[in-house]
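Protein chains: 2
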Amino acid sequence: MYGLSRDDCERLDREDPLGTLRGRFELPSGLIYLDGNSLGALPVGARQRLDELVRVQWGEDLIRSWNRHDWIGMPRRIGAKIARLIGARDDEVIAADSTSINLFKLLAAALRLRPRRRIIVSERTNFPTDLYIIEGLIELLGQGHELRLVHADELSDALDEKVAVLVMTQVDYRSGRLHDLAALTRQAQAKGVLTLWDLSHSAGAMPIELNAAGVDMAVGCGYKYLNGGPGAPAYLFIARRHLRDAQPTIAGWMGHAAPFTFAPDYRPAAGIERHLVGTPPVLGLAALEVGVDLLLEADLQLVREKSRRLGDLYLRLLDQECAAFGFEHACPHDSTRRGSQVAVRHPQGYAIIQALIVEGVIGDFRAPDILRFGLAPLYLRYVDIWDAVAALHRVMASQAWNKPEFKRKATVT
Amino acid sequence: MYGLSRDDCERLDREDPLGTLRGRFELPSGLIYLDGNSLGALPVGARQRLDELVRVQWGEDLIRSWNRHDWIGMPRRIGAKIARLIGARDDEVIAADSTSINLFKLLAAALRLRPRRRIIVSERTNFPTDLYIIEGLIELLGQGHELRLVHADELSDALDEKVAVLVMTQVDYRSGRLHDLAALTRQAQAKGVLTLWDLSHSAGAMPIELNAAGVDMAVGCGYKYLNGGPGAPAYLFIARRHLRDAQPTIAGWMGHAAPFTFAPDYRPAAGIERHLVGTPPVLGLAALEVGVDLLLEADLQLVREKSRRLGDLYLRLLDQECAAFGFEHACPHDSTRRGSQVAVRHPQGYAIIQALIVEGVIGDFRAPDILRFGLAPLYLRYVDIWDAVAALHRVMASQAWNKPEFKRKATVT
Numbered sequence: 000m001y002g003l004s005r006d007d008c009e010r011l012d013r014e015d016p017l018g019t020l021r022g023r024f025e026l027p028s029g030l031i032y033l034d035g036n037s038l039g040a041l042p043v044g045a046r047q048r049l050d051e052l053v054r055v056q057w058g059e060d061l062i063r064s065w066n067r068h069d070w071i072g073m074p075r076r077i078g079a080k081i082a083r084l085i086g087a088r089d090d091e092v093i094a095a096d097s098t099s100i101n102l103f104k105l106l107a108a109a110l111r112l113r114p115r116r117r118i119i120v121s122e123r124t125n126f127p128t129d130l131y132i133i134e135g136l137i138e139l140l141g142q143g144h145e146l147r148l149v150h151a152d153e154l155s156d157a158l159d160e161k162v163a164v165l166v167m168t169q170v171d172y173r174s175g176r177l178h179d180l181a182a183l184t185r186q187a188q189a190k191g192v193l194t195l196w197d198l199s200h201s202a203g204a205m206p207i208e209l210n211a212a213g214v215d216m217a218v219g220c221g222y223k224y225l226n227g228g229p230g231a232p233a234y235l236f237i238a239r240r241h242l243r244d245a246q247p248t249i250a251g252w253m254g255h256a257a258p259f260t261f262a263p264d265y266r267p268a269a270g271i272e273r274h275l276v277g278t279p280p281v282l283g284l285a286a287l288e289v290g291v292d293l294l295l296e297a298d299l300q301l302v303r304e305k306s307r308r309l310g311d312l313y314l315r316l317l318d319q320e321c322a323a324f325g326f327e328h329a330c331p332h333d334s335t336r337r338g339s340q341v342a343v344r345h346p347q348g349y350a351i352i353q354a355l356i357v358e359g360v361i362g363d364f365r366a367p368d369i370l371r372f373g374l375a376p377l378y379l380r381y382v383d384i385w386d387a388v389a390a391l392h393r394v395m396a397s398q399a400w401n402k403p404e405f406k407r408k409a410t411v412t
Numbered sequence: 000m001y002g003l004s005r006d007d008c009e010r011l012d013r014e015d016p017l018g019t020l021r022g023r024f025e026l027p028s029g030l031i032y033l034d035g036n037s038l039g040a041l042p043v044g045a046r047q048r049l050d051e052l053v054r055v056q057w058g059e060d061l062i063r064s065w066n067r068h069d070w071i072g073m074p075r076r077i078g079a080k081i082a083r084l085i086g087a088r089d090d091e092v093i094a095a096d097s098t099s100i101n102l103f104k105l106l107a108a109a110l111r112l113r114p115r116r117r118i119i120v121s122e123r124t125n126f127p128t129d130l131y132i133i134e135g136l137i138e139l140l141g142q143g144h145e146l147r148l149v150h151a152d153e154l155s156d157a158l159d160e161k162v163a164v165l166v167m168t169q170v171d172y173r174s175g176r177l178h179d180l181a182a183l184t185r186q187a188q189a190k191g192v193l194t195l196w197d198l199s200h201s202a203g204a205m206p207i208e209l210n211a212a213g214v215d216m217a218v219g220c221g222y223k224y225l226n227g228g229p230g231a232p233a234y235l236f237i238a239r240r241h242l243r244d245a246q247p248t249i250a251g252w253m254g255h256a257a258p259f260t261f262a263p264d265y266r267p268a269a270g271i272e273r274h275l276v277g278t279p280p281v282l283g284l285a286a287l288e289v290g291v292d293l294l295l296e297a298d299l300q301l302v303r304e305k306s307r308r309l310g311d312l313y314l315r316l317l318d319q320e321c322a323a324f325g326f327e328h329a330c331p332h333d334s335t336r337r338g339s340q341v342a343v344r345h346p347q348g349y350a351i352i353q354a355l356i357v358e359g360v361i362g363d364f365r366a367p368d369i370l371r372f373g374l375a376p377l378y379l380r381y382v383d384i385w386d387a388v389a390a391l392h393r394v395m396a397s398q399a400w401n402k403p404e405f406k407r408k409a410t411v412t
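Those sequence lines, one after another, are chains G and W.
Position 173 (the first sequence) corresponds to 172 in numbering that gives the first Met the number 0; numbering is contiguous.
Position 181 (the second sequence) corresponds to 180 in numbering that gives the first Met the number 0; numbering is contiguous.
There may be inaccurate statements among the hints.
Covered, in the sense of this in silico footprint (three residues per stretch, anywhere, with C-beta under 8 Å from a C-beta of chain G), are these stretches of chain W [said to hold, decoys possible]:
no.	region
1	34 to 40
2	63 to 71
3	75 to 86
4	139 to 145
5	224 to 230
The following residues of chain G were derived to be distant from chain W, with all beta-carbon distances above 12 Å [claimed, not checked]:
no.	residue
6	16
7	20
8	46
9	161
10	176
11	190
12	244
13	262
14	336
These are computed hints drawn from the structure, not numbers from a lab.
In this text the structure is predicted, and so the values were computed from the model without any measurement.
Positions of the beta carbon are idealized from the N, C-alpha and C atoms, including for glycine.
Extracted from the complex, chain G is given alone in its bound form (with noise of 0.2 Å):
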């Protein structure tokens, strides 16, 4: 078998045309950093719009800035900006609050919309806060709704007239297994289900194509591939077909046609802007605001196909340099199926990963034996994953990871 080698991957490195944004970003130096799609790297540019926000903004402009410096438009503006990365139009989609806060918001008014229906079907392995809103939202409503999971290859017979909407994660956030969006959207909608996608873990990282499919509502986060910072607020869409109808769960006076009258009846905003709740997380936003520029410049055609590009090359390296010893491919082959990851399995999982930080790769581990490679196509080279592999060859072959400090304990990665 033809072997690759590091020359071949630098010589990726050289075609790649989109080489140039990984100076994009601040990257600490002999990282690798596999693990994008728990958070994004940091753009240039970001601290300086940090620190002008902090100091010209909120030091000297105070509360005008929410006029000056467009305070105000923040969430609007920037949902405007990532409506552009998932194919949706500019007054669909606010950034706001967190992912799991939009679900709840969409959620209650997805079931709104489907009054008679009392199912909501899911994927048994979606994020599990996704599962938990679900059920949370079930029990606080206590209408009789009902949560029916199942397998991912079931999905399509789980779809009937009693079902009120179809909630799902595009990227499976361990496999990494990408699902087909176009062709479930189109079997609910056949069955008059509504689709509640969450997007988490493929924006930024692919071409989504939400009005093109006839997706209903989505939710996203905005610090993976989006690089908007740790906790950055997440944004929400609606089509527009339902922005009149679809009423807002958490009636807050953002979401007021007209906020600043501080009148004492609500009255939603005509559009997208009736779910907003509070005042907008600014410093969280601007930040936001920065990644998600940096990724407009991008041809996220080329994004996706560099994408599986890396994937490809990190399960072939695997093969080629590791087959000795006992991985598993966790995630599906053909590249068209797989979201911007690779995950694969093994039973000392947790403390391969750890040894691997020790050698300067950062990847993450998921219960009960997956190791997680976040491949983001901004700022990762080829070069990066030959010698994230090599690491991994150094730290299987010298046993590096037997150690008793990479025993698993609860820890956050």
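Use these hints to put chain W onto chain G, whose structure you have.
This is chain W only, laid out in the frame that chain G set:
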């Protein structure tokens, strides 16, 4: 009548035990800022804290910062600090989300603690978003709850055995009226009514003793007297006796007993953490912590005393200098019944506020005719009050407010 002079105010400043705190804020020169009850000023140290956070914690340590810099502990750590400002225990408060969302979460939790009662009582002139949230939740639940709005003086009559929750803001956002938190809480408890207080316009400007008063729940804002920055995260309080039974309203992963096991089933954390929802907004929390730390250096009794004096001074100087111009006091005269703001009425209120801005004095306007001046005792001087009233005199004597560009239009101030 003995008239106060600017010299008298300078003397008060020299004797002010809190006088040195002003230097701990970065205040724009030439500006008198009487809007700290809308957006608090920038603490010295916030810029550096954020820059270090962005550069080192986000940029270099990346995902490792959740442990290395205890991002994961921020909601509890900052909550525990806020607890010291409001007479709570450190396990009763978290910093999270927005005030409106926290109110939604706690009100729903409170209603579930009183399943047989259907009435929510609040004050007719409560902050509008609080009323919107209540009405929105009632509609969402569809369980026949009812909002009973009464005048502040009729509150105790409105509390009976059918009432589940009393929702109150401690200081009225327009008039500055300070409600008797202890007395109202006592009256509510005598009828088995839970109390949910919004401290947004009081915390940080006066001592608050939630536990001494027996308050059940509270929420508050991070960006007013806490000086946490624009759109700072808010906080919530639940008395320890309710922690076991108060269910999380929005069941997100950060409220899970073990968030990082990614278990498919939701199991609420034992304590106050179960009311967390999504990933903590790290940038906003860091800025908030700087503001809270600064406030913790001040003796809140002295803060309250100065706040009352600043208000008394403003009203006295207004009467002394501006008697000819038709202002009416719109806030309580008795400083023990007034929050840290004054309010006066004038038919040309909007234009006057605009003209004052040109004179370097920032207050704000609340329809239909209220001029509202916030008095943040940490960074305002007595002489600022003198200069603010002198500016008001100039605006009125010269009719500087009477210009076409100061005509009222929909705006954000």
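Give me the numbers of the hints this structure contradicts, sorted from smallest to largest.
Going through the list in order, the structure violates hints 3, 8 and 13 and respects the others.
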